[in-house]
Amino acid sequence: MEREYMEFDVVIVGAGPAGLSAACRLKQKAAEAGKEISVCVVEKGSEVGAHILSGAVFEPRALNELFPDWKELGAPLNTPVTRDDIYVLRSGETSTKVPDFFVPKTMHNEGNYIISLGNLCRWLAQQAENLGVEIYPGFAAQEALIDENGVVRGILTGDMGVDREGQPKEGMYTPGMELRGKYTLFAEGCRGHIGKQLIKQFNLDSDADAQHYGIGLKEIWEIDPAKHQPGLVVHTAGWPLDIMSNENTGGSFLYHLENNQVVVGLIVDLSYANTYLSPFDEFQRLKHHPVLKQYLEGGKRVSYGARAICKGGLNSLPKMVFKGGALIGCDLGTLNFAKIKGSHTAMKSGMLAADAVADSLFAGSEGADELKSYVDSFKASWLYEELFASRNFGPAMHKFGPIIGAGFNWMDQNIFGGKLPFTLHDTKPDYACLKLAKDCVKIDYPKPDGKLSFDKLSSVFISGTNHEEEQPCHLKLTDPSIPLSRNLPLYDEPAQRYCPAGVYEVITQEDGEKRFQINAQNCVHCKTCDIKDPAQNITWVTPEGAGGPTYPNM
1 MEREYMEFDV
11 VIVGAGPAGL
21 SAACRLKQKA
31 AEAGKEISVC
41 VVEKGSEVGA
51 HILSGAVFEP
61 RALNELFPDW
71 KELGAPLNTP
81 VTRDDIYVLR
91 SGETSTKVPD
101 FFVPKTMHNE
111 GNYIISLGNL
121 CRWLAQQAEN
131 LGVEIYPGFA
141 AQEALIDENG
151 VVRGILTGDM
161 GVDREGQPKE
171 GMYTPGMELR
181 GKYTLFAEGC
191 RGHIGKQLIK
201 QFNLDSDADA
211 QHYGIGLKEI
221 WEIDPAKHQP
231 GLVVHTAGWP
241 LDIMSNENTG
251 GSFLYHLENN
261 QVVVGLIVDL
271 SYANTYLSPF
281 DEFQRLKHHP
291 VLKQYLEGGK
301 RVSYGARAIC
311 KGGLNSLPKM
321 VFKGGALIGC
331 DLGTLNFAKI
341 KGSHTAMKSG
351 MLAADAVADS
361 LFAGSEGADE
371 LKSYVDSFKA
381 SWLYEELFAS
391 RNFGPAMHKF
401 GPIIGAGFNW
411 MDQNIFGGKL
421 PFTLHDTKPD
431 YACLKLAKDC
441 VKIDYPKPDG
451 KLSFDKLSSV
461 FISGTNHEEE
471 QPCHLKLTDP
481 SIPLSRNLPL
491 YDEPAQRYCP
501 AGVYEVITQE
511 DGEKRFQINA
521 QNCVHCKTCD
531 IKDPAQNITW
541 VTPEGAGGPT
551 YPNM
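Quick note: the sequence shown uses the UniProt record's numbering, first residue 1, plus one each step.
Don't take each hint at face value.
[What the hints assert, rightly or not] Pair ranges (Cβ atoms, derived):
{"hint": "1", "residue 1": "E469", "residue 2": "S381", "range": "45 to 51 Å"}
{"hint": "2", "residue 1": "F416", "residue 2": "I507", "range": "52 to 58 Å"}
{"hint": "3", "residue 1": "A520", "residue 2": "D455", "range": "18 to 24 Å"}
{"hint": "4", "residue 1": "T96", "residue 2": "K399", "range": "22 to 28 Å"}
[Stated by the list, open to error] Here are the simulated lysine-lysine pairs, DSS-like style, with alpha carbons at most 27 Å apart:
{"hint": "5", "residue 1": "K428", "residue 2": "K438"}
{"hint": "6", "residue 1": "K399", "residue 2": "K29"}
{"hint": "7", "residue 1": "K227", "residue 2": "K97"}
{"hint": "8", "residue 1": "K476", "residue 2": "K428"}
{"hint": "9", "residue 1": "K200", "residue 2": "K476"}
{"hint": "10", "residue 1": "K300", "residue 2": "K200"}
{"hint": "11", "residue 1": "K97", "residue 2": "K29"}
{"hint": "12", "residue 1": "K435", "residue 2": "K476"}
{"hint": "13", "residue 1": "K399", "residue 2": "K435"}
{"hint": "14", "residue 1": "K379", "residue 2": "K105"}
Don't read these hints as lab results, they were simulated from the structure. For every residue, glycine included, the Cβ atom is placed at its ideal position computed from N, Cα and C.
All chains, full assembly: derive it from the sequences and hints.
This is how it looks when you write it as structure tokens:
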């Protein structure tokens, strides 16, 4: 099919912190040089910020570099961190507060801000548009355009108005458009579906450890003003997950924003072993612990969402460049798990890539080369220094468990500053850590009370999730028989539990036969299924543009 196309110097996929920082930096470099660089950002969400979800305690280091006058420009950093409280939770109602001395330096948040990352991205988009960037929300990048010489030449957006079989719907069909660029930067976030394809096609991860992931579940609450402490950061480890083993680990957070709001969430490592574990239900029962309940009780839940995070760090970074483009942000995997922060690192990676692209364009490049200068500047930057210092954090927790691993990390960060003369590695993929059902203990989750804990469907409802009816299912099964023939007998089909949105169900029909049902309409685009399926049989691809959640300020 002959498609319409638009040509730019640079196409950026994803209007998150990495993509928007890259776009702004490109325009700044062009203005400094007195030249023009045309930049397009394509975003699959209905608006910028609609698919953005993060904790988030924000370190402003990269923002200080990108916009030194961000305060005067009105950046939405309104709540400085005032205190860090860290607890180890135990079953029942007990807990132990960890003294500051025993907390790794990376977990201290002096000088940081509690923010809505979605709102920060909306602000960054305004700055980008003021600089002349073209931003197209509601358009999903479907695939990379790769020429006969293996050079990435842009992206193809998805068709709109097609039925379940992929056929055009009368009066509604709009074919996808080619957005061509001399360089294309991929900033899709964790487990970006085109980034995943590029990593495989160009063998970018051949020298990297397996990437590791967590699923982050988050809610926004309006709470009693008498309980509100703006700037308070609370982190927990332990219950309802494990504290004495390294099989089912993770941690929670509760941050006090402005306007009597708090955000509460749980990160579950996707290396968990018990196939009966449900991250969503672990999160719901977590909120009944007194450490969190004391703030939430009597409040009102106003939003819910979930998103996978990359936490492999430096050891898991793939090669970041290929002919015609680069991976940036969480598409690359730059989150610093030792800090539980990835926004400032994503921004910096985008800025470094933008510098390299601008210099190449100024030198007359047409994009057929690899951006070696991006790799070089990355290795010379504070971003690399930070990731290098934290390289052992995740592997230590996986190898030694939360107790010994935490002790190792305290010594590594507080005594040696992350400069121990060796590097730990964790090469086992998360999906391979799942145990067979016969070797696992079933978990009896309490029913939600509708006050502190809730069910999946009501949670998906307040996420604003919606997909155009009758479009092709965007959750692809390589072999449709595997869920019932393999995953069900071996693992009691874990998709019906690891999905935080009730997308996957095993239905028993009237004749006693079982059927695997995919409720794609519920999908909040977290990507957990693409990561955790033990058969690696599920591939997440983009649905029609503007589909998915509509987060107000997550």
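Outcome of the hint check:
no.: 1; hint: E469 with S381: 45 to 51 Å; in the structure: 46 Å, holds
no.: 2; hint: F416 with I507: 52 to 58 Å; in the structure: 54 Å, holds
no.: 3; hint: A520 with D455: 18 to 24 Å; in the structure: 19 Å, holds
no.: 4; hint: T96 with K399: 22 to 28 Å; in the structure: 24 Å, holds
no.: 5; hint: K428 with K438; in the structure: 21 Å, holds
no.: 6; hint: K399 with K29; in the structure: 44 Å, violated
no.: 7; hint: K227 with K97; in the structure: 19 Å, holds
no.: 8; hint: K476 with K428; in the structure: 24 Å, holds
no.: 9; hint: K200 with K476; in the structure: 17 Å, holds
no.: 10; hint: K300 with K200; in the structure: 44 Å, violated
no.: 11; hint: K97 with K29; in the structure: 48 Å, violated
no.: 12; hint: K435 with K476; in the structure: 24 Å, holds
no.: 13; hint: K399 with K435; in the structure: 17 Å, holds
no.: 14; hint: K379 with K105; in the structure: 23 Å, holds
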